[in-house]
Amino acid sequence: GNSVTQMEGPVTLSEEAFLTINCTYTATGYPSLFWYVQYPGEGLQLLLKATKADDKGSNKGFEATYRKETTSFHLEKGSVQVSDSAVYFCALDTNAGKSTFGDGTTLTVKP
Amino acid sequence: SQTIHQWPATLVQPVGSPLSLECTVEGTSNPNLYWYRQAAGRGLQLLFYSVGIGQISSEVPQNLSASRPQDRQFILSSKKLLLSDSGFYLCAWSVPYDEAFFGQGTRLTVV
Chain R
4 GNSVTQMEGP VTLSEEAFLT INCTYTATGY PSLFWYVQYP GEGLQLLLKA TKADDKGSNK
64 GFEATYRKET TSFHLEKGSV QVSDSAVYFC ALDTNAGKST FGDGTTLTVK P
Chain E
13 SQTIHQWPAT LVQPVGSPLS LECTVEGTSN PNLYWYRQAA GRGLQLLFYS VGIGQISSEV
73 PQNLSASRPQ DRQFILSSKK LLLSDSGFYL CAWSVPYDEA FFGQGTRLTV V
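Chains as they are written, first to last, in the working numbering: chain R, 4 to 114; chain E, 13 to 123.
Interface residues of chain E toward chain R, partial, derived using beta-carbon atoms under 7 Å:
1) Tyr61
2) Pro108
3) Tyr109
4) Gln116
5) Gly117
Ranges between beta-carbon positions, derived for each pair:
6) R/Tyr33 with E/Val123: 40 to 50 Å
7) E/Val72 with R/Gly44: 15 to 25 Å
8) E/Thr22 with R/Gly32: 33 to 43 Å
Far from chain R, some chain E residues (derived; all Cβ distances over 12 Å):
9) Pro26
10) Asn75
11) Gln82
12) Asp97
Note that these hints are calculated values from the structure, not bench results.
Since this is a predicted model, take the numbers as computed values, not measurements.
Where is the CB? At the ideal position from N, CA and C, for every residue including glycine.
Excised from the complex, chain R in its bound form (with noise of 0.2 Å):
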């Protein structure tokens, strides 16, 4: 079956710092990849997606590339803010009947 493994947390920085969260994924066929965020006491948000090899998603200065060779969908920010402190989900999903999830990674960003 799909599965999603991301890197385990929690991950703690500096403002300004550079954030890479790993995303590594295993499915049937070609999944489209996504990455949430969810901020405390919400429900999870579409972040970015790609839906085939070589794509790169970004939005709001987050950026993942789509890597069919390695089975990676890495998300990166070059310099993070404390606004960005939230939980980060990579999933996927194809045509099999659900979506799939990573177990989600806590980022803190300290000022």
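We have chain R; now place chain E onto it with these hints.
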């Protein structure tokens, strides 16, 4: 536009009481529907998903059940709540290969 309504936002229930959480979706047809539970500081635990009316797949044996009486309505129920049922419950919908849309969540406390 596509929206998802989940209610109530918070709920405090005594042990042994019944539970009914409702989720409705607007702006799409025949979505995949999901119920997740999230313990504090933890990832998403998929409880149930549905690919069509009356079709429910259970991921984890437990004290809960789900029903989909209409295409865009998904209900999470319990006949008798346990303390261990406390948590943050999230409803979501998706269509194949596309992003998932989450409700705002229900914070359930069983006392």
